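**Q** As a plain string of letters, each chain reads:
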Amino acid sequence: MALVSRTNPLPQTALIRKATDRGGYLVFRAVTILLIVLPGILAVSLLIRARPILAKVPILDLLTSSNWHPARGEFGFFAFILGSAWVTILAMVIAVPLCLLTAIYVSEYASPAFAAVFKPVVDVLAGIPSIVYGLWGVLAIVPLVAGVAPAVGRYLGFVPGLSTEGFLTGDCVLSGALVLAVMVAPVIIAVSVEVLNSVPLELREAALSVGATKWQTVKHVVVRKSLAGLVAAIGLGFARALGETMAVLMVVGNVVNAPHSIFEPAYPLPALIANNYGEMMSVPLYDSALLLAALWLMLIVILFNLGARIGLRLVTARFWR
Amino acid sequence: MSWRHIEERAFKGLMLFSTALVVGSLLWIVAVVLWKGAGALKLSMLVQMPRGGAYGDEGGILNGIVGSMLLSLPATVMAGLVALPVCIILQDEHAGRNPLIRTARLSLDVLWGIPSIVYGAFGYTLMVYLGLRASVLAGIIAITFVQLPIVARAIDEVMKAVPRELKEAAYATGATRFEVATRVVLRQCLPGILTGLLLGFGRGIGDAAALIFTAGYSDRIPGTLAEPVASLPLTVFYLLGTPYPETRARAYAAAFVLLVIVLTVSVVSRFVAVRFRRSTVS
Amino acid sequence: MPHVQVRSLSVWYGSAQVLKDITVDIPDRQITCIIGPSGCGKTTLLKSLNRLLELTPYARVSGKVLVDGEDIYADHVDVVNLRKKMGLLSQKPQPLPMSIYENVAFGPRVHGMRARKELSSTVEHYLKAAGLWEEVKERLHEPAAQLSVGQQQRLCLARGLAVEPEVILCDEPTAALDPVSAQTIERRFKELSHDYTILVVTHILRQAKRLAHHVLFMYMGELVEAGPARQIFDSPAHPETQAYIRGDIS
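Protein chains in written order, with our numbering: chain A, 1 to 321; chain B, 322 to 603; chain C, 604 to 853.
Just so you know, not all the hints are guaranteed correct.
[Said to hold, decoys possible] With a Cα cut of at most 30 angstroms, we get these calculated DSS-like pairs of lysine-lysine: (1) K688/C <-> K720/C; (2) K219/A <-> K333/B; (3) K667/C <-> K18/A; (4) K18/A <-> K623/C; (5) K18/A <-> K481/B; (6) K119/A <-> K481/B; (7) K481/B <-> K688/C; (8) K214/A <-> K333/B.
Hint data in this document are derived by calculation from the structure and do not stem from the laboratory.
Since we're looking at a predicted model, the values are computed, not measured.
My request is simple: use the sequences and hints to build the entire structure.
**A** See below:
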């Protein structure tokens, strides 16, 4: 076969290709740089609009005062911070044990068929919009809590946190926490299952071969080895819970109140921001205050998220040596 | 029976209970909303606008359905347009050494967790700065931010998985970086990209918090990008609290439609991911 | 003048030196086999000839590789054009995610060929050159992934030939193939060697004995011995070469 040249490129073609390559990658890099500065732009814009209130009121007052009277210029966020804390922490207290147990079951005990069905089902359900969770909360959880509360208050009301003194309706911390717990469950479970699955088989075999039962292997070997990863999963769930707005908002009562019991209404930070959007323009500094709350929310969530992600990367990377 | 066996049995029971509880709760949500929504939904609602004012008792939820599409579809496109170039850069061969790549990944991680209410607040600051009012445009921008990290992460996962040897084979024919990225890598990842876009769309259409600030609400379908627009999530949110049962019925119907759309998109995206794998090279 | 000349080529992966000061001439229009135990740097040498090494993170190259007298590592060299001159056949066949037709047409298209008729005839020509035409002529527009492994490798050969290289670099080209396909590929190589310079990395000594006109023996990153195939196989000069050919090291 003779080497008849069929693909002799014209010099123009080479130039065009080079130009396309350079130009194209220039555009790609520009978009990437835009993406890189985006979080910074976010934080800075919020900060700029939050500055008026930061200049007017010392930050310590903002954080520790419970006096929230925007019309009078009083902006104490403490009740909201506390409200967020109560709802989120209670949600985690409810969710974490259940999720870890479920994750261990799916990863260690369940048949592969079950696990194969479980994962996509939970993934799909994880995509349920927040507002739908909220609707369920209103229709199913609030009445449930309202029904249970009087009984709990009567028999366990002496336990700190369980009194029904401030109880008004089913819209309270507990309702918010229950809804939130179900919302973060898919995240915690999915990540935990992955972490548990990444523990090498040999390690389990080693434990079983000295006569440990399956549960003992799981308890002392698998879980211990993946502890850091599980903590990271919890961190991710916590971050998600902190930022959750709509579902909680619909069931938590939205009363400016520093809660003393799970049956009292509360007003978490995201709910504060979402509910008062309409009024914020008409009262001086109100918009500034709300945007400051948004900024805080953003920074705390980023902190937890990054911490958890970095922890996860370190943990799963270790197994791949 | 020894203590260890008792412990094992006990925990096994607890685990089964937890799993049942978790899965049961999730299914309970779907059941409640579908049941309540199906009860309230009349076919006419899907094609009518609300009549009799925002708290009126007649009409449908067409404003919400169309509005959600007007917001989420362009947002998906925009999120994709940003995510694709970034992911092409991320799969570049000299990864690990390149600070641009590492910072971009970090940025994506940061953006991933930001609550949508914060994106809504940011959208608000943008609106003030640009002189926009509550509008379709502002809503699209906010939803784009919400969808971007999800779409980008999904596309990144597929692109990272393209084997180096395949790219080397393409380079070996004398193709440029751009040609390999667009003609080979993109092509190889097409199903994954589609899945990512679908996932993003599903997330975006369900979001309410970002829209409160930016899109407003309206009983009509907007004629221009500068008008406020209804959306299914906000239809549920605003209409749920009215004293009129007919209006509340529209809220349930909207929730039903929304849930059906989200679940369908989710299932379809998984289907796409699995089925189209065989027409490309693994 | 020999087609490809390597002068003092050294390659580092990070801090580990993988190729040590290689100097050798690759003869024109012959099959040169690079043999040696695994990990001795054969593939690295191959990939440094078309500058594909640059895609490996942390790889560093020093020395010169001259093709037709020009150093390919010089600053002004157009890498894209260089790679067009050097075709590559990998160990595991890498069909592009497209149809059979589009796989072969990929190279020419990228280099500017547009006309449908020209592309079709080019595709046919090179599929014939690779010995694949008869088997696929009825299904050119089916996905390449559906071909058998042996057919895929021939497809990759066709794809590589379609950009009209002068040199064909092959990295264990039949390692993943069944004996029949392997034989087909080897026969193609023998025919193509009339027109192309072919470099084959192989760990199958018998394959080298069948194909090579010229042999390079590498050990631990160094080029131990180079020469005509007859000479290397019948009377190797160095002890390591002897040991390898006897089968003492592998």
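**Q** Hint numbers the structure violates, sorted upward?
**A** Number 4 only.
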